[in-house]
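Same order as they appear, the protein sequences are chains A and B. Counting in the working numbering, the first sequence tops out at residue 394, every number present. Counting in the working numbering, the second sequence tops out at residue 394, every number present.
Be careful, since some hints might not be right.
You can't tell identical chains apart in this list, so a pair holds if it fits in one copy or across any two.
Unchecked claim - Mimicking DSS-like on lysine-lysine, the simulated pairs with C-alpha atoms at most 30 Å apart in a straight line are: (1) Lys73 x Lys109; (2) Lys333 x Lys116; (3) Lys333 x Lys227; (4) Lys227 x Lys116; (5) Lys73 x Lys124; (6) Lys73 x Lys116; (7) Lys109 x Lys124; (8) Lys360 x Lys124; (9) Lys109 x Lys333; (10) Lys124 x Lys227; (11) Lys227 x Lys73; (12) Lys333 x Lys73; (13) Lys332 x Lys360; (14) Lys124 x Lys332; (15) Lys109 x Lys332; (16) Lys333 x Lys360.
Everything labelled a hint here was simulated from the structure, so no lab data went into it.
Below, each chain spelled out in residue letters.
2 protein chains.
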Amino acid sequence: MLLDINLELAQSIILSHIPSLASEELPLMESFGRVLAMDYAARHDLPMQARSAVDGYALAVGEAPVNSSFLLKVVPSNEAAVISEDEAMAVTTGGSLPEGTQAVVPHEKTLLQDGKLSVLESIKPGANIKTSGEDYRQGEILATTGTIIDGGVAAALAAFGYSRINVRVRPRVAVLALGNSIVPFDVSPEPHQMRDSNGPMLAAMISQDGCETVSIEVADSIESADKVLRHMLSRADMVVCTGGTYARGTDEARQILEGLGVELFYWGVPIQPGSHHGAGRYQNALVLALSGNPAACAVGYHLFASPALNSMQGLTSLPQIVQARCINGFAKKSGSRRFVRGHAEYVNGGWQVEVLPGQKPSMLKSLLNCNALIDLPAGTPPVGIDDEITIWLL
Amino acid sequence: MLLDINLELAQSIILSHIPSLASEELPLMESFGRVLAMDYAARHDLPMQARSAVDGYALAVGEAPVNSSFLLKVVPSNEAAVISEDEAMAVTTGGSLPEGTQAVVPHEKTLLQDGKLSVLESIKPGANIKTSGEDYRQGEILATTGTIIDGGVAAALAAFGYSRINVRVRPRVAVLALGNSIVPFDVSPEPHQMRDSNGPMLAAMISQDGCETVSIEVADSIESADKVLRHMLSRADMVVCTGGTYARGTDEARQILEGLGVELFYWGVPIQPGSHHGAGRYQNALVLALSGNPAACAVGYHLFASPALNSMQGLTSLPQIVQARCINGFAKKSGSRRFVRGHAEYVNGGWQVEVLPGQKPSMLKSLLNCNALIDLPAGTPPVGIDDEITIWLL
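With the rest of the complex left out, here is chain A (with noise of 0.2 Å):
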C-alpha cells in the first residue's frame, strides 16, 4: 500500500480498478439520461425514399413557369399517384411524392383558385425534396457506445424504430457513515450526537452522476460497521466510507477496512481539505474512504468517486479546468495543495469565480451554491481580488 501520494497518482491508480459493469436493455422512452452500451447504425437510408421537405405541392416540372395565371391542375393526394407536367399534388413535410415529381414548391409561394395552382416564384429542379438516403446511409453510425441518450440520439433511434436499448446498467452505490456519535439524518440527536449530512450530499451527487444508491447506512459501533460493510461490499459496484473513528486511535477507518479484507491501493493524499482519504478494492467493488468532515467529504466526492462513477459508465471521467477571474480573494495561505469551494460565471467572456463563505472543513456552508473547486497549489500565498487561479468546474 502506498502512502501520502500525491491527487493525480491517486486518481489514475483509482480510474486504473475501475470494475467492469454488465448492460441491460431497456424501452427507448425510459433510456433518456442513460449511456450506451453499443454503437447504433442506421437500419436502412433515411428517408426510404424521397420525401417533401415541406408543405406545399409536388410539381412533375423542374422548373415550373412562374407567373399568376393559374396553370396547374391539382389532382387529389394518392400514395400510389403519378403526376404529369400540368399537374400538381398537396404533399406534406415528410410525406412521400408522387411519381414524377421534379420539385415541391411551398404553400406560401402557390396561389390556387378553382381547383388549379400558380406559382409565385421560380423554382429548382430538387428543390424541397429529401432524396433518399440524404439524412442517413444504410449501415452510417448514428451513435457509438459511451453516448448519452440526449434528444437528438433518442431521435435518431426512434427514427430507426430501435424501441429496446442497449445502455450500461446504473452503478450501484453504497454509502456508510462511521463514527460513534452519529445518527440517521431522520432521526433526533441526542446532545453528543449529530445528524448524517454526509450519506444525503452523496446520495444526491450520486444521483446527479446518473447512478443508484442501494443503501445509506450509519453505524455507530465498529461492530456494526464491520457487519454493514460485508453486506454492502457484497451488493455495490462501489462502497464510499465517510469519517470512521470510534475514539480508538488513528485511522480507524482503515483498520476495519483492511480487517474485512479489503485490498487498500494507497491511504492519504495531502490536500486539504480530505488528506484521510484512502481507496482500495473487494473483489468486483471499488472501496473509498473519505474524511467525514462534510467540506472534505464533498472535495473528496468530486476528487475521487465521481471520475471513478464516471469512468464506470464510459464517460469522460474528469471535470473540466479552466483558469478564472477571482472576484473576491482567499485570505489564507496553502500550507499543501488546497480544494476550496466556489460559485463560478462566465461573464464578458471569461471565467469568473467567488470564494465562498464558511471555507472550514467542518462547516457544511460553503457547500451551497458550490459549482466548482478551487485548485491552490502548496504554498500559495493568500489569493487576492482578480488574481487568475485555476478552477475544476463541477
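Given the coordinates of chain A, work out where chain B should sit on it, guided by the hints.
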C-alpha cells in the same frame, strides 16, 4: 393574434403566460434534482454545542506544553465528562467535547504511551473546536425557493433533520405529432409513411429539463387530432404539437388549435428553421406548435418550450449566450435569422464551436452531439473559419 413577430417578443409573450404550478412534499431522499418551493432556514444553531473539528484529544489547557515527556493522562471518553488540566480525552470529528475543553489536538500531533499523552506541536486556545453556531445560526436561510436540490442543499436540509421537502411539482407535458403520414416510432411504417422521431426527441429533452411527458401521441387525421388534443389540454401544463398538415392547405395546426378554442398569442416567427411556430393557451395549459421537421422541432423546443418549462419551475429561463470562434465555418448566407446546430467546447481560454453536419431542417444528423445553437442574424454572410459568432449554450 400577432403575426410574424421577432424571437425575443415571442419568448417574452410566452414567459408572461406561465401557468402557476402547485408544490408537493417529498421525502428528502426522493427530492434530488427537484426545485425548492419554499425557503428553508436553520432550525437551530449548527453545531448546537461546541464540537471537535478533528479526530484527536480534548485538552483543558489553552496552550499545551510541547515536549517529548508524557504529561497528560488519557481519561476514558464519556459524554458527561469533565477534564482537568493534566488530562486529555480522545474525541472524534464532529463529536462532543468534555466540559473544560480549551483546544483539541489532532492524533497526528501527539504521541501516546502507557496511557500518557505528549503533544508534539504547539496548539492554540480554541484550536480545532467548532463553536456552537459556527456553521449556521438559528433562523439563517439555507436555501431559497427556486433552488435545485443538489448535494450541498441535501446536506444542509439533512443537517437540520428536514425529512420531507416542499418542492415544485414537475411540469406535465403532452406531445402530439400531427400529420397523416406519421406513425409512432415503434410501428413499422408503410412505404408512404414515416416514423415519428419528434415525440421521443421531445420526451428526452423534457426529461432533461426535469419535467414529465404525460403522453405522446400521433394523430393521422384532423378528427383524431381534435380528439387527442382535447384530452391533452385537460391534463397537461404544456401541450406541444409538432407538424400539423394534412395536405388540405397551410397552417392546419393553427386551424385545429383555434377550432378547439385555444387562444393563440401569435403565429409565425421569422427564423430558420422553424418559422411555422405559434403559441397560445387553453385554460391553464400553455400550447406550443412547432414545425414537424426534426431540426426545426429541436430548435423550437430550445427557444420556446425549454424556457417556459424552466420558468414554470422557477428556474432561470433562457440559456446562456456567449461569443465563440467557429472552427469550420458555414457556407450559406442567412436571409432570415438562422439557428445553426453546433458543438461547443471551452478550449484554451475561449469558447469554440463546430458547425455540425446535416443542417437541412428536414435532417436529424445535426442534432447528434449538439450542445449549442449558433445565432446568425438576418443577412449574415457565409461564416468563415475562425469567425467570431454568437452561440446559445444548451
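Status of each hint after checking the structure:
no. : hint            : in the structure
1   : Lys73 x Lys109  : within (16 Å within a copy, 96 Å between copies)
2   : Lys333 x Lys116 : neither (83 Å within a copy, 34 Å between copies)
3   : Lys333 x Lys227 : neither (42 Å within a copy, 68 Å between copies)
4   : Lys227 x Lys116 : neither (84 Å within a copy, 32 Å between copies)
5   : Lys73 x Lys124  : within (20 Å within a copy, 97 Å between copies)
6   : Lys73 x Lys116  : within (5 Å within a copy, 107 Å between copies)
7   : Lys109 x Lys124 : within (13 Å within a copy, 84 Å between copies)
8   : Lys360 x Lys124 : between (70 Å within a copy, 17 Å between copies)
9   : Lys109 x Lys333 : between (70 Å within a copy, 21 Å between copies)
10  : Lys124 x Lys227 : neither (77 Å within a copy, 39 Å between copies)
11  : Lys227 x Lys73  : neither (84 Å within a copy, 33 Å between copies)
12  : Lys333 x Lys73  : neither (84 Å within a copy, 35 Å between copies)
13  : Lys332 x Lys360 : within (11 Å within a copy, 55 Å between copies)
14  : Lys124 x Lys332 : between (70 Å within a copy, 17 Å between copies)
15  : Lys109 x Lys332 : between (69 Å within a copy, 21 Å between copies)
16  : Lys333 x Lys360 : within (14 Å within a copy, 55 Å between copies)
Hint check: violations occur at hints 2, 3, 4, 10, 11 and 12; the rest are consistent with the structure.
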